[in-house]
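Enquirer: Modelling step: build the complete structure from the supplied sequences, incorporating the hints.
This is what each chain is made of:
There are 4 protein chains.
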Amino acid sequence: MIIILRENATEAQVDHVVKRVETLGFQAHLSKGTYRTVIGVIGDEEKLLAAPLAAIPGVAKVVPVMPAFKLASREAHPQPTVVDVAGTKIGGGHLGMIAGPCAVESEERMNDIAAAIKAAGANLLRGGAYKPRTSPYAFQGLGEEGLKILRRVGDAHGLPVVTEAVDPRHVELVAEYADMIQLGARNMQNFVLLTEVGKTHKPVLLKRGMAATVKDLMMSAEYVVAQGTTDVVLCERGVKGFDNACRNMLDIAAVPQIQQISHLPVIVDPSHATGRPELIPACALAAVAAGADGVHIEVHNCPEEAMSDGPQALLPEQYAEVMGQMKKVAAAVGKTW
Amino acid sequence: MIIILRENATEAQVDHVVKRVETLGFQAHLSKGTYRTVIGVIGDEEKLLAAPLAAIPGVAKVVPVMPAFKLASREAHPQPTVVDVAGTKIGGGHLGMIAGPCAVESEERMNDIAAAIKAAGANLLRGGAYKPRTSPYAFQGLGEEGLKILRRVGDAHGLPVVTEAVDPRHVELVAEYADMIQLGARNMQNFVLLTEVGKTHKPVLLKRGMAATVKDLMMSAEYVVAQGTTDVVLCERGVKGFDNACRNMLDIAAVPQIQQISHLPVIVDPSHATGRPELIPACALAAVAAGADGVHIEVHNCPEEAMSDGPQALLPEQYAEVMGQMKKVAAAVGKTW
Amino acid sequence: MIIILRENATEAQVDHVVKRVETLGFQAHLSKGTYRTVIGVIGDEEKLLAAPLAAIPGVAKVVPVMPAFKLASREAHPQPTVVDVAGTKIGGGHLGMIAGPCAVESEERMNDIAAAIKAAGANLLRGGAYKPRTSPYAFQGLGEEGLKILRRVGDAHGLPVVTEAVDPRHVELVAEYADMIQLGARNMQNFVLLTEVGKTHKPVLLKRGMAATVKDLMMSAEYVVAQGTTDVVLCERGVKGFDNACRNMLDIAAVPQIQQISHLPVIVDPSHATGRPELIPACALAAVAAGADGVHIEVHNCPEEAMSDGPQALLPEQYAEVMGQMKKVAAAVGKTW
Amino acid sequence: MIIILRENATEAQVDHVVKRVETLGFQAHLSKGTYRTVIGVIGDEEKLLAAPLAAIPGVAKVVPVMPAFKLASREAHPQPTVVDVAGTKIGGGHLGMIAGPCAVESEERMNDIAAAIKAAGANLLRGGAYKPRTSPYAFQGLGEEGLKILRRVGDAHGLPVVTEAVDPRHVELVAEYADMIQLGARNMQNFVLLTEVGKTHKPVLLKRGMAATVKDLMMSAEYVVAQGTTDVVLCERGVKGFDNACRNMLDIAAVPQIQQISHLPVIVDPSHATGRPELIPACALAAVAAGADGVHIEVHNCPEEAMSDGPQALLPEQYAEVMGQMKKVAAAVGKTW
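Residue numbers (my numbering), protein chains in the order written: chain S, 69 to 405; chain A, 69 to 405; chain U, 69 to 405; chain W, 69 to 405.
Don't read these hints as lab results, they were simulated from the structure. Incorrect hints may have been included.
Intra- or inter-copy, both count: the list cannot distinguish identical chains.
As the list claims (entries may be wrong) - Cross-link-like lysine-lysine pairs, in silico, DSS-like; alpha carbons within 27 Å at most:
hint, residue 1, residue 2
1, Lys100, Lys138
2, Lys100, Lys283
3, Lys100, Lys129
4, Lys100, Lys267
Just so it is clear, the structure is predicted and the values come from calculations on it, not from any experiment.
Expert: As C-alpha cells, this is what we get:
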C-alpha cells in the first residue's frame, strides 16, 4: 500500500501517519519527492484494508498494490479452475453451453425446449423458478413446482440444470434440485445470499451486476469462494451504458481481464447483454473468439407467449444455427464442448 | 401502449399483432403512416406489460404510455406524502436531517456522535448494525448488539433511529429496534427483502441503486408500497459515473424528477454520492435548494478509526457548520426542520 | 412520428397540436386511448425534425419512427458498401487490417514498423502527423513532415496510408498525402471538420466518439456522406464506461447494430478501446468473429520510447501472432483479407 | 510520480526502469515492499508525462502525484480569478447570469427575449450564430448576420454578449462581435479551436464535454490559458448518464471539485444538463447553493417555433420566477449579481 500525502501536508501530519501505520503493526517507508511525500507501507496489505488511512488529515490518496480478493485470484491459484457441473466441464478449454427459457413455465414447454437445445449441442439447461422482476406485478416464477419440472426435464434429456436462488431461506431447497445455482446480476452484492449459496458447495454461476466493475465482481466471487468452494463460474452479461439502443452494454474485454487476474472460468450471456435477438449471434461468436469458457443464451419456442423476457429469446432454430457457427469459431481458437 | 411496426412488416404480420392484442382483451387502433404502421392499444396497460408484444415478428418497438408504477405515482396520490418517523416528519415542507456513523461501533462512540448531531439540529440518528461490505474480510457490523446500542442511544438523545436490514430472516428483529428501516443501494433490487421489509409497515428509507434509473427506483418503491404502506422515503445517493474522481455521481436532477412523478418524499445522501468530505457541504446545500425533503450525512468523531467508510465522514464540527448553512438555504426555499 | 400527449392534456391543447402539425404540411391522425391521446403524424418525417413539437404545452413525448440519417442508412442502400482504399478493399467480406504507430516519429522507425506489419499481413498503414493530445504540453505530431514520411514509407512497402486530420485548414494538405483520412473520436462531432473532409471525396475512417451513441455516430457519418461520398468506414474504438480498469469500454454489439442499420463498413480498434496490450488480442479476435470489416491495431517497435500512446501498442511480434489467430477466426466466419 | 512494479518483476526489469528514469534526468527512489517494488521518481513530473514508463516490461502502474494542468490549477494561483466580461464580473462572489435563446433567429425575436431577460436581472446575453447540430439537415445558424444581430441587441439592452465559435477560420470574426466566446461541449477537445480562441485573449466560456472527466475539462482549460489568458469560465452542463429520462446528467459535485483544484470560475447550465424545462428551476437553485459562479439558462419566447433546442427553453416568465428564487438562495450563501 502506498500513501500519497497532500502537497501542503505538515511534518506533524506526516509523523502522525507514520505513527498510525506503525501502531497498526506495519513498517512505514518514507520517500520525499520534489513536490510530495509518499509513504510505502510494508506488511500484509489485507489487514490494512480495514484501516481508513485516507481519513487522516494530510493524506491525499491511498493506493493499494495487491488485489483485494485473494482466493479467487490467479496469484493464489495459477492454473485455471475447471468446474464440473454433474459431468459438464466448464473452463480449461471446455465450453459450458447453457441454454433454456428465462422462466420455467410448464413441463410441456420445458420438454420441447430442452429437446431442441440438446439437439443443437447445449450441455446445460437453464430455467428460472424464482424470478427477480422489476415490477411487483410481473410473473415471479413457479417456485418449487418450477424446480421439480426443471429437474425432471433435465434428467429426461441428460442435461445438468442451473437455476437461480433469490432468497437465503430457499437456498437449501434450490440446492436439492439444481446442479448449479445461479446468483443473478441484481443480487451480485447481496452478500447474505452469496454466503448462503457458497455454503452449499454446489457449483455457482455468478452474474456480474449492472454497475459492477470487474474488481467488484471478483470481490463477490471471493464471498462465495471464502465458504470453501472454487466451483464458481463468472458471467459477463452486460453492464449499464449510456446508449439505450441496447438493454445493456456487453463488456467483452472483461473476459480476458478476468482470465488474467483469476483462475475461475468466465462465460458470456449475450441475451441479457443486448436484449435484442438479432444481435445475439454476433455477440455469441465474439465471446467464443475472445476466449470465454462458455456462452449462455435464452431460448424459447414461442417468445411472444413467454412469461418473462420473451423479446430477447432466440427460437430453437436460431439457436441451432448460432451453435453451428460457434463450433467453427471454437475450433479456430482451439476449444470444444 | 403503442406498437410501432417495422418498415417492411407484412400485412400478415400486422394482422397477427392486431389479433394478439384483441385475444389479450384489448382494442387495437391501426394508423398507417407514410413509412410505417402504428397500432395504438386501448385498455388497461398494466395488464399488458406481461405480454411480450415486442417478440412478435414485424414489431419494431413497443412504447408504453403509462408509468409502470401505480401506487407510488403522483397520479395515484396527488398530494405529497408526509412520512412520520416516531415524531420526525419527512416531506411536505418538513426536512428529515439524518446523521450518524456508517456503522454502530460501540455505545460510547455512538453516544458522543448522537450528542453532537443532536446539538447540530439533526432529527434522525443512523447507524448500521448489519453492513453490506464489498469485501468478505471487512467488518460486517455488530448485529443485534448494534441494534440494541442504537436503540438505547436514540432513546437517550430523543432521536428516532434508522438502520439497515440486509437479510429477510432478520427483518423482524430489525423492526423491533428501528423506527425506520433502510434498504441499501446494493439491495434496491433485492425484491425478496423489499417485500419482507414492506410487510412490517415500518417507515422505510429506500436508497437508489448505483445503476438504477429513476424509474427503476420507483418500481422498487412500488414493491414496498404494494405491501400496504406509503411510509417510504426515497434516497438519491449517487449513481455510477465514468469520472472516478468521485465515488459516485450525485444525480441532483433526480430530486425534482421524483417529486413530479411520485408523492413519496425524496432525500439526498451527499456522503455516499461523493465519498469525499470536502465536497459534501456544497452537495448538501444543493440538495436543500433543489427541493429535497431531507439530507443524510455520515458523521464520525474519529474518521481514521472508523470501522467502515471512515474517509467519507464529516467531523461533528463540520456537520454543525453545514447544518447552519442548510438552515439558511432551507429558509430561502420556504422549508424548515 | 408519434406525438404522445400528457394524461391531463386539454382538448384545446390537442387541437393546437393538430393545427400545428397541419400548418407544417402534415396529416395528423388522432387516436384516443384509455389514458392518453396519441397523434400519428403522416408525411416526410425528415422535414419535421426541425419543428420542436415537444415544446408544445400538453405534449408528453415525441417518438420518431424513421432513422434520422438517410444516405448512410441500410434502407437507402440495401447492399453493403465496399470501400476501396487505393486497392485495399474494406467491407462486403473484405477485411481492412490497419496497423502502425500512434504517431509518425521518424522515417527510420516508420520503415521498420511498416516492414513488420506488412510481413504480418496488414493491408493499410496508419500513423498520425497531427495528434490531438489531452495535454497542451504533449507531443503534437510532426505536421507536414510527418505526412511526407508516411507517404514515402507507405509507397516503399506497397501499403495505402491513413492519417488523421484535425484542422479544417489542413484538410487539403492531408488529402494530398493520404489515401484515407481519419476523423478522430474527439472530433466525431466537429461538424465543420466532417464537412471539410467529406468534400475531398477521399475514403474516410470515422471513429466513434467516447460518449456517442450508435445513432450519433450514424448522424456524423451522414455529415460526410451528404458531401457526396459513400467511402466512409466507421470505427468502434470503445466508449466511456464506469470501470476505469480499461481506458474505454469496447462496445462489441455496435458492430452488428451498425451492420443492420447502415450499408457502411465498420471496423474495430481494440488498442484505444482497452488501452492495455494484454487485452488487445482477445478483443481483436472478438471483433473478427462479431463480423467487423476490419481491425485497427497500434504497433510500435519500442513502446517505451513512443512519443504518444506507447503503453497501448503491440510489439511487431505480438501483432504477427494475433494476425495469425485472426486469420483462422476470419476463415471460420467466411471472410478473408 | 510513483512507478509500481508487477509482483513478478525481475531484478533486471527493476534495473531497467531505474536506468530509464535516470536517463530521462530524474532520481529514482527504490522501496521494496512485502509483495512489490515501488519506485518514487523525483524531479519535474511535467516533463515525465511524455515518457511512456507504463510500457516498460515489469511495470504494473504509474501513479502521477501532481495535477497535469499547471496554469489553471489552484496551486499556481491560490486566489479565485474574477473574469470581467465587458463589465459583468464572474467569480469571487459575483454571479454571471447568462440567458438567451439557443440560436439567434431574428432581430425582433432577439430584442424581445433580451428585454425580458434584462428585466429579470440577467447580466449576459447568449445566442448562437454558428450551431453545431447533430443532423446535417438541421438549422446551422445565421452566421455573420447572426453575430451582427446579437451585437446590436446586446448594445441596445446594455448586455454583454456571448456566442459560440465552431470553426478556427471564423474565430477572428466571432471575436469582433462577441464579448465572450463560447467553446461548446462537442468541441471541448477540439484542441485546434481551443488554441485559436485562446489566442484572441477574449473571455472564454468553456463547456464540459459529455464524456469529459473534471480533469479532462481542466486539461482543455489549460490549452486556452496556455495562450496567455486567464479569462476562462468553465461550465458544467451535464454529462452522459445511463438514465435517458434526462438529456444528460448534471454533475453538481463538479462545482466544488473544480473550485478546489482551480482558480477559474465555474458556472452551471441546467438547460442542456436536463433538457427538460420542468427540471431547470430546481437544478438552477442547486447550482447557486453549491457555490457556482453563475447560471446559464436558455430562454425563448415561443419554444414551439424555436429553430433549435426549443423543447428545453424556459419562457421569459418562467425565467423571471427562477431568477427571483435564485436571488434568495444566492443571498443565503453570501453571493449576489
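Enquirer: Does each hint hold? Answer for all of them.
Expert: Hint check:
no. : hint              : result
1   : Lys100 <-> Lys138 : between (32 Å within a copy, 21 Å between copies)
2   : Lys100 <-> Lys283 : between (31 Å within a copy, 25 Å between copies)
3   : Lys100 <-> Lys129 : both (15 Å within a copy, 20 Å between copies)
4   : Lys100 <-> Lys267 : neither (48 Å within a copy, 39 Å between copies)
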